[in-house]
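Protein chains: 2
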Amino acid sequence: MSKEVVLSIDIGGTLTKVGLVNREGKVLDKIVFKTDAQHQFSNFMDKLKLEVETLIIKWIDVIHILSIGVGAPNANSYTGQIENPPNLKWGGITPIKKIIEQTFDLPVSLANDANAAALGEMLYGTAKGMKNFVALTLGTGLGSGIIVDGKLLIGEHGTAGEIGHVNVDPAGRMCNCGLQGCLETYASVTGIKRTVFELMADRCEDSPLRKINFEEMTGTDISDAALKGDVIALTAFEKTGEILGSKMADTVAHLDPEAFILSGGLSKAGDILLKPIKRHMQKRLFNAYKGKIEVLLSNATSAEAVLGPAALAWLELDHLTHA
Amino acid sequence: MSKEVVLSIDIGGTLTKVGLVNREGKVLDKIVFKTDAQHQFSNFMDKLKLEVETLIIKWIDVIHILSIGVGAPNANSYTGQIENPPNLKWGGITPIKKIIEQTFDLPVSLANDANAAALGEMLYGTAKGMKNFVALTLGTGLGSGIIVDGKLLIGEHGTAGEIGHVNVDPAGRMCNCGLQGCLETYASVTGIKRTVFELMADRCEDSPLRKINFEEMTGTDISDAALKGDVIALTAFEKTGEILGSKMADTVAHLDPEAFILSGGLSKAGDILLKPIKRHMQKRLFNAYKGKIEVLLSNATSAEAVLGPAALAWLELDHLTHA
Chain A
3 MSKEVVLSID IGGTLTKVGL VNREGKVLDK IVFKTDAQHQ FSNFMDKLKL EVETLIIKWI
63 DVIHILSIGV GAPNANSYTG QIENPPNLKW GGITPIKKII EQTFDLPVSL ANDANAAALG
123 EMLYGTAKGM KNFVALTLGT GLGSGIIVDG KLLIGEHGTA GEIGHVNVDP AGRMCNCGLQ
183 GCLETYASVT GIKRTVFELM ADRCEDSPLR KINFEEMTGT DISDAALKGD VIALTAFEKT
243 GEILGSKMAD TVAHLDPEAF ILSGGLSKAG DILLKPIKRH MQKRLFNAYK GKIEVLLSNA
303 TSAEAVLGPA ALAWLELDHL THA
Chain B
3 MSKEVVLSID IGGTLTKVGL VNREGKVLDK IVFKTDAQHQ FSNFMDKLKL EVETLIIKWI
63 DVIHILSIGV GAPNANSYTG QIENPPNLKW GGITPIKKII EQTFDLPVSL ANDANAAALG
123 EMLYGTAKGM KNFVALTLGT GLGSGIIVDG KLLIGEHGTA GEIGHVNVDP AGRMCNCGLQ
183 GCLETYASVT GIKRTVFELM ADRCEDSPLR KINFEEMTGT DISDAALKGD VIALTAFEKT
243 GEILGSKMAD TVAHLDPEAF ILSGGLSKAG DILLKPIKRH MQKRLFNAYK GKIEVLLSNA
303 TSAEAVLGPA ALAWLELDHL THA
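Just so you know, the protein sequences line up as chains A and B, in that order. Its first residue numbered 3, the first sequence is counted upward by one per residue in the numbering used here. Its first residue numbered 3, the second sequence is counted upward by one per residue in the numbering used here.
Take the hints with a grain of salt, since some may be wrong.
Remember, identical chains collapse to one label, so a pair may be satisfied in a single copy or spanning two.
Under the rule of at most 25 Å between Cα atoms (straight-line distance), these lysine to any residue pairs were calculated in the SDA-like manner [claimed, not checked]: (1) K285 / P88; (2) K36 / N89; (3) K49 / G14; (4) K213 / T237; (5) K100 / D63; (6) K36 / T128; (7) K292 / L229; (8) K100 / S4; (9) K28 / I62; (10) K51 / D38; (11) K153 / D223; (12) K153 / G231; (13) K5 / P109.
Honestly, the hints are just simulated from the structure, not real lab data.
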């Protein structure tokens with residue numbers, strides 16, 4: 003008998019990951035290719051078609067693909083479109099759900115990448131069994147997915163959960179989105195890098211980070227320096243944790259979640275980031291929440307990025323079955 | 003045939019309102035009495051019992067009371083308790099649901115007062131027909147109720163929707179809750195009064211408000227002065243609108259609602275408050291939300307405070323019927 007799977011497509015600004023995932027969240031196989039987001043969308047679709055066909059041919063005798071889950075930046079579940087993505091140069095509106103449906107002749111479920119990641123955490127990850135939590139992906143930007151009562155919070159226009167764009171400082175850093183002082187300009191890999199450069203300007207301590215230019219500096223450079231006791235790097239983590247922890251207290255005042263699940267490049271720093279986040283969040287929590295909200299690191303490796311869109315597809319299949 | 007009604011109890015820091023409300027939201031009768039929150043809870047219950055009995059005796063031949071809805075500050079739907087209310091001197095924990103159930107031998111639904119108000123707006127008020135909105139009550143404090151997909155957002159611990167305690171300024175005004183810089187210390191009747199006093203200290207313009215002491219100054223004094231063109235009062239509204247509008251943009255980045263519904267003393271100022279709120283919210287909205295979020299004034303008069311707990315009771319009855 004053939005195995006039932008979904009085809010999971012996680013579209014990122016840099017890489018696109020495609021996987022075959024069964025109901026239990028086991029990734030049977032996967033491929034990764036460059037999104038080449040600076041080229042036209044039709045180029046991307048040509049590549050995607052080729053890569054998916056290669057993958058399917060390998061497994062054709064043993065699998066049965068039920069549907070496709072797609073996670074993408076600035077994707078809107080209601081409209082089925084990718085809308086005004088700052089990091090994909092595909093133009094304003096891309097009706098991606100329809101195009102992928104037509105290309106592969108399978109039903110497609112679409113969600114914002116961070117929203118899909120939250121579903122992945124709930125079905126297969128750190129949030130297994132939780133009904134109210136917030137997943138934060140701290141990568142190039144800050145993505146968020148909000149789960150309320152076991153369901154993704156989608157909102158009236160399909161675009162809930164943009165916590166990366168709450169305001170930290172109206173006179174603060176310029177954001178790619180056009181606003182100023184957005185949380186993701188502080189609390190993300192790019193954000194902590196900006197903080198490191200600010201600190202190198204403000205302070206006098208020596209630091210290995212002074213030898214790396216802005217374009218080349220990675221989050222790993224900063225966490226490696228912090229682990230070796232570098233003052234600039236440690237101060238950058240402290241500041242990042244203070245800003246993120248404080249804003250997480252505001253999120254709690256809206257949603258009263260059980261936990262936050264952190265993933266993405268910045269979260270790999272572990273305790274160096276987690277401790278200041280927890281301390282500052284706790285300090286700013288309204289009485290009713292104090293001591294009740296957990297902050298956890300995702301146990302999913304980046305290799306499991308396909309689990310988010312897979313969870314989306316499986317949940318949609320179950321919903322259709324039960325409706 | 004007797005009319006089916008619910009008994010609605012809205013407990014406030016100053017006044018308690020009790021009403022008989024039918025399914026369509028018609029208030030058949032109501033009474034108002036002083037909560038006397040500085041005395042013991044047992045005193046309050048003696049008074050409530052007497053007032054409710056007086057009300058019921060009047061209507062006993064024509065009504066059938068199905069259940070009781072209770073809205074109260076710091077009430078928790080999950081535990082059935084009022085928990086650590088700063089404005090009711092009844093001690094830390096009051097198991098009010100159980101006590102009212104035993105007193106009147108009827109099922110009781112309990113919710114935070116602002117949460118109940120949001121349900122009232124949805125069933126009978128300005129938010130009729132909406133499925134995703136946020137109700138803000140701008141009174142002594144700032145209460146909030148969040149509706150997601152037609153249901154009250156309750157949260158993991160029963161205490162979601164404390165938007166009055168998101169942070170405006172970590173070094174800002176002291177809040178009754180023990181934190182510093184909470185939104186309600188700026189955006190409420192008390193908040194705008196504090197802003198007026200700050201402005202009278204900072205600036206030199208004459209103002210009728212300089213003749214009123216802190217304890218006696220009301221929200222109406224401030225809006226009356228603003229309507230007559232008083233610079234201090236107008237600046238206070240502008241600042242209040244700027245702070246509230248900016249924070250509402252952060253709320254949108256979480257929830258993507260259709261609208262905000264404003265009620266309470268401060269909202270009576272109308273356009274003087276609404277215009278700066280809308281302008282500043284719009285300025286801070288993330289692209290995906292721009293031009294999509296309405297800000298509306300509640301059409302409910304304060305006389306209709308009983309509609310919130312009534313809506314709660316009717317929704318609970320319908321839920322039980324359908325379960």
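Legend entry - Numbered hints the structure breaks, given as an ascending list: 5, 6, 7, 8, 11, 12
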